[in-house]
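Chains as they are written, first to last, in the working numbering: chain A, 1214 to 1472; chain B, 325 to 597; chain C, 621 to 878.
Mixed in with the good hints there might be a few duds.
[Unchecked claim] So these bits of chain A aren't anywhere near chain C, every CB distance computed over 10 Å: (1) Leu1240; (2) Arg1292; (3) Arg1312; (4) Gly1317; (5) His1326; (6) Ser1348; (7) Thr1358; (8) Leu1359; (9) Arg1394; (10) Val1402; (11) Leu1408; (12) Gln1436.
[Unchecked claim] The following label-pair restraints were derived from C-beta to C-beta distances: (13) A/Glu1444 to C/Pro845: 29 to 37 Å; (14) B/Arg327 to A/Gly1288: 43 to 51 Å; (15) C/Arg839 to A/Gly1451: 41 to 49 Å; (16) B/Ala424 to C/Pro692: 39 to 47 Å; (17) A/Arg1403 to C/Arg839: 31 to 39 Å; (18) A/Arg1403 to C/Asp750: 48 to 56 Å; (19) A/Arg1403 to C/Asp837: 25 to 33 Å; (20) C/Asp837 to B/Glu328: 25 to 33 Å; (21) A/Ala1273 to C/Trp758: 30 to 38 Å; (22) A/Arg1403 to C/Pro692: 50 to 58 Å.
Source of the hints: derived by calculation from the structure; they are not laboratory data. Here a beta-carbon is modelled for each residue, glycine too, at the ideal position from N, C-alpha and C.
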Amino acid sequence: MTLLDARGLAKTYPGERRIRALDDVSLSIAAGETLGLIGPSGCGKSTLARVLARLATPDAGSVRLDGLDWLALSGAGLRHARRRLQMVFQDPAAAFHPRATAGGAVADALRIHRLVPRRDRPEAAAALLRQVGLSPDLARRPVATLSGGQRQRVAIARAIAPRPRLLVLDEAVSALDASVRARVLDLLVRLQAELGLAYLFIGHDLAVVRAVSHRIAVMDAGQIIETGPAEALLSDPGSPLLRRLIAAVPALHRKDPPV
Amino acid sequence: MIRELLRRPEALLGGLLLLLIAGAALLAPVLSPGDPLAIAGRPLVRPFTDPAFPLGTDGLGRDLLAGVIHGVRTSAAIGLAAALVAVLAGMLVGTAAGFAGGLVDEALMRVVDAFQIVPGFLLALAFVSVTGPSLAVVAIAIALGAWTGPARLSRSRVLALREADFVAAARVMGMHPAEIALRQVMPLALPPVLAVTAVIVAGAILTESALSFLGLGDPNAVTWGGMIAEGRNQLRSAAYLSIIPGIALVLTVISIYLVGEALTDVLAGKRQS
Amino acid sequence: MTSLATCDRLTVRYPGAARPALADLTLALHAGEKLAVVGESGSGKSTLARALAGLLPVGTALSGAIRWSGPPPRPGRDIGTVFQDPGASLDPLLTVGAHLVEGLRAPLPLGRAEARARAAALLARVHIPDPERALAAWPHQFSGGQAQRIAIALAIAAGPHLLVADEATSALDVLVQAEIVALLRELCRDAGMTLLFITHDIALAGTLADRVAVLHDARLVEIGPAARLLAAPREPYTRALLAAQLDLASPRLVGTRP
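Just need the whole structure built from these sequences, with the hints factored in.
Here you go:
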């Protein structure tokens, strides 16, 4: 079942260079599916994320999300509908209010969408922290005092709090150390199975995108140049860009496969 | 932050003076009970000659020390009230302008320009002469000329913060724009505004004195400006009548400036680190 | 193989820090080699880079020793440094040419015209297209990868023996990262320069370096030839680091369909 269907998205940034960040982009994501989106920096993948998250307005195009005409929503209607699509940002330090606490950030999401009565909120926030593998004892800690991996887990807890259907993960694991990243990827895969979430997984590291995506879309200069099932696409890349991206992944030549 | 402030000699000096002044304001009814405007003894007792009137008396026989001590209360009340009104109004306008952007921003900032072009003192003068003097009116009159600084400062902070990821995150979460502006962004615009608040307080005290000097202060309150104005008639024969409240005024304003400057430095250093 | 520098039981503690940033580190840097120092955040790898480049902040407590085989290096001349953010080495108010001319004339007795000619040659060496025009351009007119090339040109302007690259490719996308790595390899080969390459990416370290040193919690865990260390790590921590690294042969975490 198609959860998100975007057609003909276009966006040009004004200015002397008039960069076409999105040039007739169409994509669809099924419920419970991960679509990986890869491309060099400046290819427009972050603009696409911002347009889908209704943080930027496209010049043209349409988006249907969970049966809604997503781009036509505005005001209170949009705020209410936003619970269907949540986003996790690249820099977990910048994505929280400087004075936010872990529990407070999650509780805010619950409050806004009135999902649990006020007195049950701390308990529900603690449960969400537990769900992303954090101790509920961290609830009172300022997010700024947590490690990068813990912060990103809080960001994920905050994102799943309103029970969304789709998470846009914009380079969400790119700033993490490899060992932390591996555990956050495991968490994302587990949450997908538990909650039936769909992901738009944006990354620049093909090895990471390949590991978690059912399908992969390759983006260059504002256009999606090829899309396909992850394994099939990588074993038979159609574009020179994808071939270069594949070649740029250092091979580890392991003797024995990792556990 | 307080420890950092105490390490600066100018802040320490200013702070001690301020403590003294604040103590005088708080303890005024104890230190010099009774009406400071009442006649207390012989007129024109010179300072440091009569232990009953350490700072002497004025032409009507009113105790100068009592006047100075009670004058602190007026100055502090007006200074703080005017600064509070100016900061609150300025931050609300600045935050609204920075956050809304576009036409709202343009319109609000032209209003700020208009207020900034007219000298604050003239604004206060015009406002008080139209509405009549009372402490509340004087405070608002002074704030009219002082809110533009906080407005500009908070707008520029909000403009920078508006693009931050945490604001985007709050929007995606579905938070109401008013909540984002007032609860998330405005508190972060507070530190630079707080740093100039001291200057606003000091300026407000000066403006209030100037208004009183011109006879536009609250006639029922003792004010330093009023004392200086009354002393003016006997400037040749009894200069101390103007000099003593003048010194009180200068010390107060300088001590507030010193603390304010140090606070600005400390806050600026904090932002850099 | 002659060593360029030796760290002997080097311990570094930043002012006010509870734990040392580097503890008891003994390590030799061979002349002409490419040594990668790998570790996660907080491992002390950047501290090692700063200690060798003489860039530790004032007030840092240092024990042990760094011994140089020749005369002690002159800062800004014998050691070049490149950081993660090229903006840190490039002043937005100076043209690229002004940076390079100043970088050349500070350590070397050069006339203005001569320095300018050398600056253009440096830009050509780091493969900036149209060096003459680039000299007159401003840092913000270049992409992240181009700016990093300019930062590298600036770092090698005085002809250093040692180039320290501290996460110099981490902020770049993988394609540009591969280009910068190729450039570093080429510069070291042509100039006989020693490279200290600080990175969190053990796979990338393996593609570039002759030897790899793994740091963890301020200590040296393992050091060895790159091929051996990646293929047959001896220490459990190195194995864990490699296991967390993904490549195109790693098992996928999801099925083919949702």
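Against the structure, the hints:
For A/Leu1240, the condition that its CB be more than 10 Å from all CB atoms of chain C holds, with the nearest at approximately 15 Å. The claim that A/Arg1292 is not at the interface with chain C holds, since no C-beta of that chain comes within 10 Å of its own (minimum 29 Å). Against chain C, the non-interface label of A/Arg1312 holds: every CB pair exceeds 10 Å, the least being about 23 Å. With a closest Cβ-Cβ approach of about 25 Å to chain C, A/Gly1317 is found to remain outside the 10 Å limit, as its non-interface label requires.
Non-interface status of A/His1326 relative to chain C is upheld: no Cβ of that chain comes within 10 Å, the nearest being about 25 Å off. Even its closest Cβ contact with chain C, about 21 Å, leaves A/Ser1348 beyond 10 Å, as expected for a residue assigned away from the interface. For A/Thr1358, the shortest C-beta to C-beta distance to chain C comes to about 14 Å, beyond the 10 Å cut-off, and the non-interface label holds. Consistency note on A/Leu1359: stated as away from chain C, and its beta-carbon is indeed over 10 Å from all of that chain's, at 13 Å minimum.
Its closest Cβ contact with chain C, about 7 Å, brings A/Arg1394 to no more than 10 Å, contrary to its assignment away from the interface. Non-interface call for A/Val1402 relative to chain C: violated, since the shortest CB-CB distance, roughly 5 Å, does not exceed 10 Å. With 10 Å as the threshold on Cβ separation, the claim that A/Leu1408 sits away from chain C holds: the shortest Cβ distance comes to roughly 12 Å. Every Cβ of chain C is farther than 10 Å from the Cβ of A/Gln1436; the closest lies at roughly 17 Å, confirming the non-interface assignment.
Between A/Glu1444 and C/Pro845 the Cβ separation comes to about 34 Å, which falls inside the hinted range of 29 to 37 Å. For B/Arg327 and A/Gly1288, the Cβ-Cβ distance of about 48 Å falls inside the hinted range of 43 to 51 Å, so the restraint holds. At about 47 Å, the beta-carbon gap between C/Arg839 and A/Gly1451 stays in the expected band of 41 to 49 Å. In this structure, B/Ala424 and C/Pro692 break the distance hint of 39 to 47 Å, their C-beta atoms being roughly 59 Å apart.
Hint check: A/Arg1403 to C/Arg839, Cβ distance near 33 Å, so the stated range 31 to 39 Å holds. Against the hinted window of 48 to 56 Å, the Cβ-Cβ separation of A/Arg1403 and C/Asp750 comes to about 52 Å, which satisfies the hint. For A/Arg1403 and C/Asp837, the Cβ-Cβ distance of about 28 Å falls inside the hinted range of 25 to 33 Å, so the restraint holds. Distance hint for C/Asp837 and B/Glu328: a CB-CB separation of about 32 Å, consistent with the stated range 25 to 33 Å.
A/Ala1273 and C/Trp758 have their C-beta atoms about 34 Å apart, which keeps the hinted 30 to 38 Å range intact. One distance hint, 50 to 58 Å for the beta-carbon pair A/Arg1403 and C/Pro692, holds here, with the actual separation near 54 Å.
Figure legend: structure checked against the earlier numbered hints; hints not met, in rising order: 9, 10 and 16.
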